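K.L.:
Chains as they are written, first to last, in the working numbering: chain E, 1 to 268; chain D, 1 to 350.
Don't read these hints as lab results, they were simulated from the structure.
Just so you know, not all the hints are guaranteed correct.
[To be verified] Capping the alpha-carbon separation at 20 Å, the derived lysine to any residue pairs in SDA-like fashion look like this: (1) D:K294 with E:V244; (2) E:K15 with D:S305; (3) E:K241 with D:G292; (4) E:K202 with E:A70; (5) D:K93 with D:R159; (6) E:K261 with D:V327; (7) E:K15 with D:S266; (8) D:K239 with E:V259; (9) E:K160 with D:G195; (10) D:K294 with E:M246; (11) E:K261 with E:M246; (12) E:K21 with D:R144; (13) E:K261 with D:A293; (14) D:K329 with E:R251; (15) E:K261 with D:K329; (16) D:K329 with E:E260; (17) E:K261 with D:E335; (18) D:K304 with E:R19; (19) D:K294 with E:A263; (20) E:K21 with D:K304; (21) D:K321 with E:M246; (22) E:K160 with D:E205; (23) D:K331 with E:M267; (24) E:K241 with D:E309; (25) E:K15 with D:G150; (26) E:K241 with D:T291; (27) D:K304 with E:G249; (28) E:K15 with D:L228; (29) E:K160 with D:P194; (30) D:K294 with E:M267; (31) D:K38 with D:Q175.
Bear in mind that the values here come from a model prediction, so they are computed numbers and not experimental data.
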Amino acid sequence: MLRIAVCVKAVPDPKEATRIKIDPVTRTLLRRDVPLVTNHLDRNAVEAAVQLKEELDAHVAVISMGPPPAETIVRECLALGADEGILLCDQAFGGADAFATAYSLAKGIEKMGGFDLVLCGMASSDSGTEWVGPKIGALLGIPVVTAVREIVERDGRSWKVKASLENGYRLVRVRLPALLTVTRELNTPRALSFSGIVSARKKEITEWGINDLGVQEEAVGLRGSPTITANLTIMNGKDSKRAVEMITGTREEAAERLVEKLAAAGML
Amino acid sequence: MPMHDNMGARCGAVWVIAEQTDGRIRTGSLQLVGHARKLANQLGTCLEVVLLGGNLVGVIQPLFAAGADRVYLGNDPDLALYQPEIYTEMVVKLATEQEPEIMLVGSTSMGRELAPLVAARLQTGLTAHCIDLVLDENGILEQRVPAYGGLVSITCPDRRPQMATVARGVFPMPQLDEDSTGEVVPLDVPDEVPGRVQTLEVIREEPEGVPLEIASVIVAGGAGAGDLDGWCKIADLAKVLNAALGSTRPAVDEGWIGLETMIGQSGKVVSPELYIGVGLSGEMQHMVGITGAKVMVAINSDAKSPVFEQVDYGVVDDCRKFVPVLVEKIKEHRERALSRSSRSHGPTSI
Ligand SMILES: Cc1cc2nc3c(=O)[nH]c(=O)nc-3n(C[C@H](O)[C@H](O)[C@H](O)COP(=O)(O)OP(=O)(O)OC[C@H]3O[C@@H](n4cnc5c(N)ncnc54)[C@H](O)[C@@H]3O)c2cc1C
Ligand SMILES: Nc1ncnc2c1ncn2[C@@H]1O[C@H](COP(=O)(O)O)[C@@H](O)[C@H]1O
Chain E
1 MLRIAVCVKA VPDPKEATRI KIDPVTRTLL RRDVPLVTNH LDRNAVEAAV
51 QLKEELDAHV AVISMGPPPA ETIVRECLAL GADEGILLCD QAFGGADAFA
101 TAYSLAKGIE KMGGFDLVLC GMASSDSGTE WVGPKIGALL GIPVVTAVRE
151 IVERDGRSWK VKASLENGYR LVRVRLPALL TVTRELNTPR ALSFSGIVSA
201 RKKEITEWGI NDLGVQEEAV GLRGSPTITA NLTIMNGKDS KRAVEMITGT
251 REEAAERLVE KLAAAGML
Chain D
1 MPMHDNMGAR CGAVWVIAEQ TDGRIRTGSL QLVGHARKLA NQLGTCLEVV
51 LLGGNLVGVI QPLFAAGADR VYLGNDPDLA LYQPEIYTEM VVKLATEQEP
101 EIMLVGSTSM GRELAPLVAA RLQTGLTAHC IDLVLDENGI LEQRVPAYGG
151 LVSITCPDRR PQMATVARGV FPMPQLDEDS TGEVVPLDVP DEVPGRVQTL
201 EVIREEPEGV PLEIASVIVA GGAGAGDLDG WCKIADLAKV LNAALGSTRP
251 AVDEGWIGLE TMIGQSGKVV SPELYIGVGL SGEMQHMVGI TGAKVMVAIN
301 SDAKSPVFEQ VDYGVVDDCR KFVPVLVEKI KEHRERALSR SSRSHGPTSI
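Kindly generate the complete structure, drawing on both the sequences and the hints.
P.N.:
In structure tokens, the structure reads:
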């Protein structure tokens with residue numbers, strides 16, 4: 001049986017995430033109750049896992065590190081076809097950078113038992129470092145391929161994949177167990193179905209804290225993070241050196257005037 | 001340029017992991033070397049570059065010209081293509097021996113994979129997609145990234161090296177001193193790598209049209225396009241202007257266009273003469289990707305959009321209706337200009 005673990009992150013809904021701002025006075029993050037959703041690309045990772053399950057004998061576990069409300073996205077992944085859900089949830093995990101996040105997730109994956117395949121999104125929409133996947137792979141000591149856009153061939157445990165580059169792709173052979181991070185092109189995530197939602201109600205979500213993982217408090221969360229964030233500077237467009245000239249009039253007039261301005265500036 | 005002596009240095013060296021394609025050092029690598037030179041000078045340490053590849057004879061001089069003191073050179077057919085295991089192993093081994101203070105990596109496809117693999121192995125911090133790197137009064141690297149409408153400084157105070165990735169175009173091209181030379185330290189390819197992952201081939205796909213990096217006119221579209229139909233109208237504008245088409249993250253997420261067209265902190269950094277932003281809000285993560293544009297224009301239906309604070313000309317309108325009209329006006333302008341010039345110069349003989 002192919003054992004697959006998918007790392008899924010609960011992120012502020014990107015459609016509303018720009019409402020999250022730094023408070024100019026207190027310098028803290030104003031979250032403004034933006035709802036949490038499954039990170040976009042993690043839906044592609046879940047879809048890939050579920051498709052493999054439909055084709056092969058596979059078991060799909062999703063794992064997420066996050067606050068208690070993150071349980072809803074784990075539940076959603078169960079409704080999409082995952083068999084098992086794990087939420088790493090503990091005050092001590094708070095404030096983790098990419099390294100501490102990867103460390104905790106790697107420990108969780110180890111505790112879940114052996115895996116043939118670990119899938120991550122290429123990037124999260126909120127921190128967007130692209131680091132968590134490859135770092136998990138490095139910590140687990142398994143090979144990593146980032147930005148996988150197509151699984152070209154599966155020959156037992158030897159897989160061939162296409163990994164996106166800025167101007168093309170790499171054809172990569174990778175032997176399982178391996179960690180892949182995936183891009184949008186890999187597949188089209190299925191929509192939630194009613195029967196999926198019903199069957200997800202019966203599935204267990206396991207919650208683990210640091211004691212369950214057997215990790216030290218200093219190794220996770222803010223304290224386990226090599227990087228620290230300091231010096232928030234508020235910046236916005238007002239710092240721009242440009243003074244805008246608004247072009248007004250009817251649609252036709254405005255278009256005409258803009259063309260004139262651009263022509264006068266030698267831009268056409 | 002004087003050679004710095006590692007012995008007298010207060011700290012380990014500043015490193016740049018360089019890249020080359022087709023026998024030429026990448027522009028982004030040279031820009032990084034240029035900036036790293038300044039950091040090394042401020043720290044009183046030397047600047048070292050790691051370059052791995054398959055056929056590097058006659059390739060490395062620009063690294064010295066840009067300010068490198070020393071180049072660690074892995075030149076071997078096995079390194080011709082980026083091989084994650086061997087590359088990671090070589091950089092980790094060398095860094096463990098040499099203990100650099102700072103390690104900078106280009107935010108390229110390779111760099112974005114290699115940097116976290118190396119950082120995790122070295123158990124150190126790594127900051128993604130920096131837009132500036134400065135030293136604080138204690139010589140700690142402040143790694144600046146935009147976040148939530150502000151700019152944050154990320155530091156890695158206790159572990160070494162301090163690692164960061166930086167996009168091409170964030171730092172200017174340094175003055176190249178063609179007579180500069182330095183030391184070349186050859187690296188051996190490790191014979192024991194597990195061989196669990198292997199790049200078999202690199203296939204290039206050139207996007208159609210003008211590449212963003214060298215385009216003098218860029219039209220960038222955002223979430224305001226609304227749907228693919230709206231997006232195509234923005235694409236038409238790019239076409240009539242012979243411009244490169246850029247995008248914001250939501251446009252990529254919607255699947256209207258590929259990731260390679262995204263402009264910004266985690267995308268491309270561009271410097272066109274003319275930038276036209278259509279249906280985008282001017283979020284800093286996008287705007288930091290546009291440096292030194294001569295003229296900037298925004299088209300947005302919301303008069304209060306922050307994008308209008310960052311451009312020279314603004315039009316408040318629904319882009320799906322305005323852009324087709326603009327395209328027609330540009331065509332008319334072109335025709336008028338053409339007929340004027342043929343009148344003034346007379347018919348050209350063939
Ligand atoms: C770590 C990280 C890295 C990121 N890196 C990048 C990056 O490299 N590049 C990037 O672009 N983004 C990046 N982002 C995302 C970035 O923060 C913004 O979310 C994004 O730039 C917003 O894109 P937008 O302006 O298209 O969308 P929105 O902010 O949603 O703006 C849409 C705009 O369109 C206008 N509009 C709506 N309808 C119409 C219409 N019919 N006609 C005209 N205007 C209309 C609206 O008024 C609004 O101003 C990053 C985010 C994170 C967290
Ligand atoms: N807290 C988390 N819990 C589970 N998976 C995560 C978490 N953070 C990041 N990931 C995974 O790592 C990927 C890349 O995230 P990032 O490095 O933040 O861009 C995401 O798409 C997820 O698959």
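K.L.:
If a hint holds in the structure, say so; if it doesn't, say that too.
P.N.:
Against the structure, the hints:
Distance hint between K294 of chain D and V244 of chain E is fulfilled; the C-alpha atoms sit about 13 Å from each other, no more than 20 Å. Restraint check for K15 of chain E and S305 of chain D: the C-alpha separation of about 16 Å stays at or below 20 Å, so the hint holds. Restraint check for K241 of chain E and G292 of chain D: the C-alpha separation of about 11 Å stays at or below 20 Å, so the hint holds. Annotation: proposed proximity of K202 of chain E to A70 of chain E holds, straight-line Cα distance about 18 Å (limit 20 Å).
Annotation: proposed proximity of K93 of chain D to R159 of chain D holds, straight-line Cα distance about 17 Å (limit 20 Å). This hinted pair checks out: K261 of chain E and V327 of chain D have alpha carbons roughly 15 Å apart, not beyond 20 Å. Proximity of K15 of chain E to S266 of chain D is assessed by CA-CA distance (about 18 Å); at most 20 Å being required, the pair is judged to hold. Distance hint between K239 of chain D and V259 of chain E is fulfilled; the C-alpha atoms sit about 16 Å from each other, no more than 20 Å.
With a CA separation close to 14 Å, the supplied pair K160 of chain E and G195 of chain D stays within the 20 Å bound. For the hint linking K294 of chain D to M246 of chain E, the alpha-carbon distance of about 17 Å falls within 20 Å, and the restraint holds. This hinted pair checks out: K261 of chain E and M246 of chain E have alpha carbons roughly 11 Å apart, not beyond 20 Å. Under the criterion of a C-alpha separation no larger than 20 Å, the hint pairing K21 of chain E with R144 of chain D is consistent with the structure, at around 17 Å.
Taken as a hint, the K261 of chain E and A293 of chain D pair is honoured in the structure, with Cα atoms around 16 Å apart against an allowance of 20 Å. Annotation: proposed proximity of K329 of chain D to R251 of chain E holds, straight-line Cα distance about 11 Å (limit 20 Å). For the hint pairing K261 of chain E with K329 of chain D, the CA-to-CA distance comes to about 12 Å; that is within 20 Å, so the pair holds. Taking the CA atoms of K329 of chain D and E260 of chain E, the gap is near 10 Å; set against the 20 Å cutoff, the hint holds.
Straight-line distance between C-alpha atoms of K261 of chain E and E335 of chain D comes to about 17 Å, which keeps the hinted pair within the 20 Å bound. Restraint check for K304 of chain D and R19 of chain E: satisfied, since their Cα atoms lie roughly 15 Å apart, inside the 20 Å limit. Distance check on the hinted pair: K294 of chain D and A263 of chain E sit about 13 Å apart at the alpha-carbon level, within 20 Å; holds. Taking the CA atoms of K21 of chain E and K304 of chain D, the gap is about 17 Å. The hint holds against a cut of 20 Å.
A C-alpha spacing of about 18 Å is found between K321 of chain D and M246 of chain E, which places the hinted pair at or below 20 Å, so the restraint holds. With a C-alpha separation of about 19 Å, the suggested pairing of K160 of chain E with E205 of chain D holds against the 20 Å cut-off. Distance restraint check for K331 of chain D and M267 of chain E: the Cα-Cα separation of roughly 14 Å lies within the 20 Å cut-off, and the hinted pair is therefore satisfied. At roughly 9 Å between alpha-carbon atoms, K241 of chain E and E309 of chain D fall within 20 Å of each other, so this suggested pair holds.
Annotation: proposed proximity of K15 of chain E to G150 of chain D holds, straight-line Cα distance about 19 Å (limit 20 Å). Distance check on the hinted pair: K241 of chain E and T291 of chain D sit about 12 Å apart at the alpha-carbon level, within 20 Å; holds. For a cut-off of 20 Å, the pair hint linking K304 of chain D to G249 of chain E stands: about 18 Å separates their Cα positions. The hinted pair formed by K15 of chain E and L228 of chain D meets the criterion: a straight-line CA distance of about 17 Å does not exceed 20 Å.
With a C-alpha separation of about 17 Å, the suggested pairing of K160 of chain E with P194 of chain D holds against the 20 Å cut-off. Using a Cα cut-off of 20 Å, the hinted pair K294 of chain D and M267 of chain E holds, with the two alpha carbons roughly 10 Å apart. Taking the CA atoms of K38 of chain D and Q175 of chain D, the gap is about 12 Å. The hint holds against a cut of 20 Å.
Violated hints are absent here; each numbered hint is respected by the structure.
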